[in-house]
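Just so you know, the sequences run in chain order A and F.
Taking our numbering, the leading residue of the first sequence gets 1, the next gets one more, and so forth.
Taking our numbering, the leading residue of the second sequence gets 1, the next gets one more, and so forth.
Hints were generated in silico from the structure; no laboratory data involved.
Just so it is clear, the structure is predicted and the values come from calculations on it, not from any experiment.
Don't take each hint at face value.
Listed below are the simulated DSSO-like cross-link pairs for lysine-lysine, each with C-alpha atoms no more than 30 angstroms apart in a straight line [unchecked claim]: (1) A:K447 with F:K108; (2) F:K67 with A:K108; (3) A:K343 with F:K324; (4) F:K447 with A:K108; (5) A:K67 with F:K86; (6) F:K86 with A:K130; (7) A:K285 with F:K130; (8) A:K86 with F:K108; (9) F:K86 with A:K108; (10) F:K108 with A:K324; (11) A:K67 with F:K108.
One-sided excerpt, in silico: chain A residues whose CB lies under 8 angstroms from chain F [said to hold, decoys possible]: (12) G39; (13) C75; (14) V123; (15) N345.
Heads up, the beta-carbon is just placed ideally off N, CA and C, and yes, glycines get one too.
The primary structure of each chain is shown beneath.
2 protein chains.
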Amino acid sequence: MPWAGTLGSVSREGVTPQSEDFSAWYNELVIQAELVDRGPVRGTMVIRPYGYRMWELLQADLDGRIKEAGHGNACFPMFIPESYFKREAEHVEGFSPELAVVTVAGGKELEEPLVVRPTSETVIGEYMAKWIESHRDLPLLLNQWANVVRWELRPRMFLRTTEFLWQEGHTAHADEEDAMRETMWALGAYAGLARELAAIPVIEGEKTPSERFAGAERTYTIEGMMRDGRALQSGTSHYLGTNFAKVFDITYQDEDGKLVHAHTTSWGMSTRMLGGVIMTHGDDKGLVLPPRIAPYQVVIVPIGRDEAAERTAAAARDLAGELKRAGVRVHVDDRSQLRPGYKFNEWELRGVPVRLEIGPRDLDGGAVTLARRLGDQGKEQIPLDRAAELMPGILDDFQAFLYTRAERFRDEHTADVESWDAFPDQVSQGWARVFHCGRTDCEDAIKADTAATPRVIPSDAPEEHGVCFRCGEPSAYGKRILYARSY
Amino acid sequence: MPWAGTLGSVSREGVTPQSEDFSAWYNELVIQAELVDRGPVRGTMVIRPYGYRMWELLQADLDGRIKEAGHGNACFPMFIPESYFKREAEHVEGFSPELAVVTVAGGKELEEPLVVRPTSETVIGEYMAKWIESHRDLPLLLNQWANVVRWELRPRMFLRTTEFLWQEGHTAHADEEDAMRETMWALGAYAGLARELAAIPVIEGEKTPSERFAGAERTYTIEGMMRDGRALQSGTSHYLGTNFAKVFDITYQDEDGKLVHAHTTSWGMSTRMLGGVIMTHGDDKGLVLPPRIAPYQVVIVPIGRDEAAERTAAAARDLAGELKRAGVRVHVDDRSQLRPGYKFNEWELRGVPVRLEIGPRDLDGGAVTLARRLGDQGKEQIPLDRAAELMPGILDDFQAFLYTRAERFRDEHTADVESWDAFPDQVSQGWARVFHCGRTDCEDAIKADTAATPRVIPSDAPEEHGVCFRCGEPSAYGKRILYARSY
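Make a model of the complete structure from these sequences and hints.
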């Protein structure tokens, strides 16, 4: 894609340092790095090609996992009759404040207003009921990639936007056991995506009852730690029991000919994950992108004036061709009107994992200068004729480095907290591993005082019992849970 | 994906023959073949996995062409402030009757109503103006895969639905020459997609002024002939001149520092193309799918009872594994409760190009029985151990056969028409190649009498001059044009 070199209102002088004001850093960075622009309607975003490419790379990987496990992609209408939406009581209560409603169409007032989908359980439930008759039709495994709308009062690019992109899986099963297997499969797929593509060392587990999806029996989540110590929920999977099946009449004949309700699930991963990538890896200089989702894994900057410029540009193009053939996403920055230093800063801001510089002296020595975005900061020279062969390994190492760095950060900012006194400090900069009584009023009191909420009951935490760090009542859940402030 | 074997209200007794009632055939077939279901809101559709997979296969191919040519995918918001939409006079006049409007959101009446995009020139124009400053920012080549909404009074699955899926390319260029090059590039991409994937022998060319996109200087189209002789426009590409650039202030500094307007284009291909596939290749028995977009290219039906059933099912699974490794999309229909004859009919209805039957006798002879969906109708035996190796060639031949068959059909149903007398007959069953005066009132009179409209001024028609077949005035366009009834 061509490079839009200027951004009108936004200066190219870098962003507010992360350490100084995390929130300003984030808001400036997503715009300056040309991931997004603010939409014309409050809370909406324009995802620009550099940001959208990251979404496509996440999407391709997750879609492969979804298909491999036997799900079929479908496309349900985004306009849902208001009456459908109102059938499941908890569901409508949870989503009502966030709905956008179409009342006029084709020049006329509509008889029944149409809700623009905030999620599709209700419309898909209607069709599951129609399509499922026998136990032989189960499991019914559907997924869709779609845009959804939730009216946001405190919008933030990627994290909470009025319209966002996601996939939503919707499945129906013969019994709880099979539906729970599916629920956990989706959770595992999200955890795999987060770890392997986004290099985010997420914690998987169940949500406490107060944090469940509206209408779910059980909600599972993956939570990542951002560099300000907050948690980001970046994918959820719900066991819906027979709640929606009862309301939408999703029944099947079992092997004995008896009519019984199906058990359903739903699960979603959204453009929010990109916000997670930015806040997990970014630093004062800008984005740091994991190679597996970086639009450009390598940028080559040819250096030199006049006739040297022609030589190095030609060498850069040749090398780019070789890297492409080796499966590397590469871009040659040959803009003649800009100085190398300017380009270096720009590609650092945009988080490109590896920069290759080719100057006349590099060429004379048959070499190219390599600079990683993070980690081993010193530049090094590598042989020009081996660069394409070495690059996949260099990128894999960088991907692994980012994961390890994020994991270390998370572990350093997570601590067991036994008492209420020590709690505010810990959640001001990280996560607290605590025993909690499980009572909603106790959760509410903690939230009111510290803004921290129960994020997850980690699946792999050991069995332990104790007393609630705040109220002293016996602990629930049979293990410690993670508490944090969150996005 | 699991097979939903029953469809409630729809019988599996086959569809109305195409020759008897083309329209009933189409409407019944898209539902029975499980491509789509009717949506809950009038004019909307649910695209089921079998239909959506075809869309994904088209999408993957076209997306590759779009990226290869240097375009970046993006995602613009679907809610457009009404005021943006009203800026280009012709554009708003063309689309106003079809708009869906959000007036309530987050529990409140909105100050400014939001139009749900019917197309995105207006919102993308706003951002082009923001992002383009210098000639170095051009061309700006954007594309998005999106859902759009146009309120339809006479909806028909795939062809005209209230919500549909498409891609819309939007590009800005320094001058007319570069913008026209882009316009023709997109037209060529659509023609390639139609011919190579959908096996539709489309005719490319320009639209007459009356058939232009609202706001365009020039509109180009690809038109395919359906088996009832009507034309289907299945992709359009527009040169917008500086119309949108002037309204949205899309300007750039040229090399001399002068501020000038950019020239823009837009182009779209939608789920309509799937309607074209169905109506180009289908027959009385049901769908006939081109292998390159068939969800299943091959279905294997194991045959036999009791212990023979186990043997043939095992052989079917082994063969499916081999075919998958050879890159073939294959499905084993091992539903034990259904007879082979029922399965054969069902997969014929669903248009699978090749069926392989494995019975005990086939197995004893080391063979498998092959039946093509069309063409060489006789079953033949092929060696079981060579089936995977032969299949890609068999599928390629079938793809080519469908193209040639459709091309022959089109040519047999297209004729030069010199007089008004002969015209109604020709357009009742095919296309008429005519000289036309180019006057709108003459076009209108023809349409009022016969429902036929000018479909395309074919790019590759030879230069010829004559007199209008209806009014006798000198011909316009410098060549014959195609007239037909259309969808």
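ask   = Going straight from one Cα to the other, do K343 (chain A) and K324 (chain F) come out at no more than 30 angstroms?
value = Judged against 30 angstroms, a Cα distance of about 46 angstroms means the pair is violated.
ask   = Taking only the CA atoms, is the gap from K86 (chain A) to K108 (chain F) under or equal to 30 angstroms?
value = holds, 18 angstroms
ask   = Are the Cα positions of K67 (chain F) and K108 (chain A) separated by 30 angstroms at most?
value = Distance of about 40 angstroms is beyond 30 angstroms: violated.
inquiry  = What's the verdict on K108 (chain F) and K324 (chain A), does the C-alpha distance respect the 30 angstroms limit or exceed it?
reply    = Violated: K108 (chain F) and K324 (chain A) sit about 52 angstroms apart, past 30 angstroms.
task = Could you check if V123 (chain A) really has its C-beta closer than 8 angstroms to a C-beta on chain F?
result = holds, 6 angstroms
task = Tell me if N345 (chain A) is really an interface residue toward chain F, meaning its C-beta lies closer than 8 angstroms to one of theirs.
result = Violated. Min distance 18 angstroms.
ask   = For the pair supplied as a hint, K447 (chain F) and K108 (chain A), is the alpha-carbon distance within the 30 angstroms limit?
value = It holds: about 28 angstroms lies between the C-alpha atoms, which stays within 30 angstroms.
query = Was the hint right that G39 (chain A) lines chain F, CB cutoff 8 angstroms?
reply = For G39 (chain A), the interface hint holds, since the closest Cβ of chain F sits about 4 angstroms away, which is under 8 angstroms.
query = Given the hint that K86 (chain F) pairs with K108 (chain A), does the C-alpha gap stay at or below 30 angstroms?
reply = Holds, at about 18 angstroms.
request  = Could you grab the alpha-carbon distance between K67 (chain A) and K108 (chain F) and see if it respects the 30 angstroms cut-off?
outcome  = violated, 40 angstroms
inquiry  = Hint validation: C75 (chain A) versus chain F, beta carbon distance must be below 8 angstroms. Holds or violated?
reply    = holds, 4 angstroms
task = Could you grab the alpha-carbon distance between K285 (chain A) and K130 (chain F) and see if it respects the 30 angstroms cut-off?
result = Given pair K285 (chain A), K130 (chain F) holds - Cα atoms ~25 angstroms apart, limit 30 angstroms.
Checked against the numbered hints above, the structure violates hints 2, 3, 5, 6, 10, 11 and 15; every other hint is satisfied.
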